[in-house]
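2 protein chains.
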Amino acid sequence: MDKLNIVPFVSVENMMRLVNAIGPERFMKELGLVIEDDFRRWESFDKVARIPSHSAEGVIELMPTSDGEVYGFKYVNGHPKNARSGRQTVTAFGVLSDVATGYPVLLSEMTILTALRTAATSATAAKFLARKNARTMAIIGNGAQSDFQAIAFKSILGVDKVRLYDIDRSASLRLARNLVGTGIEAVICESGADALEGADIVTTVTADKQYATVLNDNMVGEGIHINAVGGDCPGKTELQKEILLRSDIFVEFPPQTRIEGEIQQLDDDYPVTELWQVMAGEADGRKSDRAITLFDSVGFAVEDFSALRYVRAKLQETGLFEELDLLADPDDPRDLFGMLLRAKEREKLAV
Amino acid sequence: MDKLNIVPFVSVENMMRLVNAIGPERFMKELGLVIEDDFRRWESFDKVARIPSHSAEGVIELMPTSDGEVYGFKYVNGHPKNARSGRQTVTAFGVLSDVATGYPVLLSEMTILTALRTAATSATAAKFLARKNARTMAIIGNGAQSDFQAIAFKSILGVDKVRLYDIDRSASLRLARNLVGTGIEAVICESGADALEGADIVTTVTADKQYATVLNDNMVGEGIHINAVGGDCPGKTELQKEILLRSDIFVEFPPQTRIEGEIQQLDDDYPVTELWQVMAGEADGRKSDRAITLFDSVGFAVEDFSALRYVRAKLQETGLFEELDLLADPDDPRDLFGMLLRAKEREKLAV
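Residue numbers (the working numbering), protein chains in the order written: chain B, 0 to 350; chain F, 0 to 350.
FYI, nobody ran anything at the bench for these hints, they're computed from the structure.
Nothing false has been slipped in among the hints.
Straight-line Cα separation of at most 16 Å, EDC-like style, residue types lysine to aspartate or glutamate; simulated pairs: (1) F:Lys2 x F:Glu321; (2) F:Lys343 x B:Glu24; (3) B:Lys80 x F:Asp331; (4) F:Lys131 x F:Asp199; (5) B:Lys160 x B:Glu196; (6) B:Lys131 x B:Asp283; (7) B:Lys80 x F:Asp97; (8) F:Lys80 x B:Asp331; (9) F:Lys2 x F:Asp324; (10) F:Lys343 x B:Glu12; (11) F:Lys80 x B:Asp97; (12) B:Lys286 x B:Glu221; (13) F:Lys131 x F:Asp159; (14) B:Lys2 x F:Glu12; (15) F:Lys46 x F:Asp66; (16) F:Lys286 x F:Asp247; (17) F:Lys131 x F:Asp283; (18) F:Lys240 x F:Asp266; (19) B:Lys2 x B:Glu322; (20) F:Lys126 x F:Asp159; (21) F:Lys126 x F:Asp288; (22) B:Lys131 x B:Asp199; (23) F:Lys126 x F:Asp199; (24) F:Lys347 x B:Glu12; (25) B:Lys240 x B:Asp266; (26) B:Lys343 x F:Glu12; (27) F:Lys2 x F:Asp330; (28) B:Lys2 x B:Asp328; (29) B:Lys347 x F:Glu12; (30) F:Lys126 x F:Asp36; (31) F:Lys2 x B:Glu12; (32) F:Lys2 x F:Asp331; (33) F:Lys313 x F:Glu29; (34) F:Lys160 x F:Glu196; (35) B:Lys343 x F:Glu24; (36) F:Lys126 x F:Glu29.
Just chain B, with the same shape it has in the complex:
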């Protein structure tokens, strides 16, 4: 209350310190529980599809939501060609605000945090949708998000064996190297079909910005859970349509997923189940050990909200934030111009 101008800020450096202080596995587990908690109260959130600004090179999006007490939004870009100039394909930052005053209460980097929440959401969905005792996961596409997926599934489901495939073998080698010492056994495979051998779960997380077929229908056996992460914008999918027709499909927010997800290949009224309903006990998840379940993940604002409120809850105990002078706080709220005049006087005196 005494410093109304200050907003706590979590830089990239402090986010890395925070994740390492908590430990990536524990971070995933706790974040997964916050996401689950927010999904269970899904109906208390204002939900709108993200607001995109498209260009030839990519997209910039704003993703707002509110639970009536706290408002949050994320800024995120998606620029597939960025790697060529040494930049991230996806960068993000986010804000939480107090609905009662409209004042921001947290500004945070979200490039790392988005990677964490995407993986924690995937593993939390799989907790409800994969077969019990699933231990082996195929990961097709071994880029920046794949490590986070492996760690989240280890932490939340106990997956301790991953079978890796990427058209670029060096990507699989990179991923396998990062998993050394995590208790996850990594096997590098020669093809997608090879990776699926004996897998209880398959995660597809490739980066192509086009209709691709990362999974063919004949690769997908009974009982598998498909965690489809990479298809996440109009014109970008990873699964052959026939797979969708054999699967029970679970989504975050249907109006958004029908535009951006794998189900953009299906009719607008094709039946899907909302993930929150499964978590809240209002809909069935996996119906049998032979069913094929598909989480058609595109990412939704509520997950970012969960991630931001988890980070915020950790700030006081860890102190891993800076104070940002973001909000004007004149002595008299009516006298904004007077604050400028007094700042000038102070500078004169300081000379």
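Position chain F against the provided structure of chain B, taking the given hints into account.
What follows is chain F alone, placed relative to chain B:
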């Protein structure tokens, strides 16, 4: 290029230094020219109505736009009861980004900057709409925005006499005090009608969040320019409807103004002129010395964009910014998780 993680940040303190270093009058004049420049190329902007999140206490809005090369958005709240807790009714911050990469290139406070751009837009509109040689302006409502209006009209139009009225006389006294030494003569008036005596322009900028009648039809004489700033959300207007029917009405972005502006009192197809068309020479502004012109101002994203790009252009010469570690920049763009691992190693070594 060498520090891809850094985004320049203009704090409240640095914004005050910047305005004082340039001088409020010169700042208004230069900002007015940037706004005019952007209004002339109005059709090159992506335009959407702002995205609001309403609550019982107020509203939080996101206002994005893009010209295809630069993307900008503003976060702004409106909470009329905030003054009771010593907070600003309106606070804001904004971001500019490079469309080609999606990377933010500026984060700035915008509480002060919004006050400046609102006033600069009003005065720039009046440059095209008020009678030539207008020198006297009535200001009804003498709160936080009124000082900025007076300075902008002095700077951009040469208005050197203001006639002040507020239901709270202490607000008028406050404003008059801040105008001492600016070359603007301030007269405190006993009523709105009194304030309008001999005025070439009337600015209404009251804070009531309800339908109010700050100006009656019989107060408004021929040839005046009305700068209606305070009516800026659904259910909040300041002018008697009869005034609108006698006026030539100019607006920023019709889909937004029809919801938020004075013209919410009129039919949805009531003819109005877009301000940018006047500035671009595509529509008439003032048609005669006897016409009543009305700028129904609600504020639009393009004005914030102009203000942010003006501030950005001043950063290198003034150095009035900080470097914010906002964007993750791993050595290998694919290896975001590896960046976390290496940060942990660094911390171990540092112990």
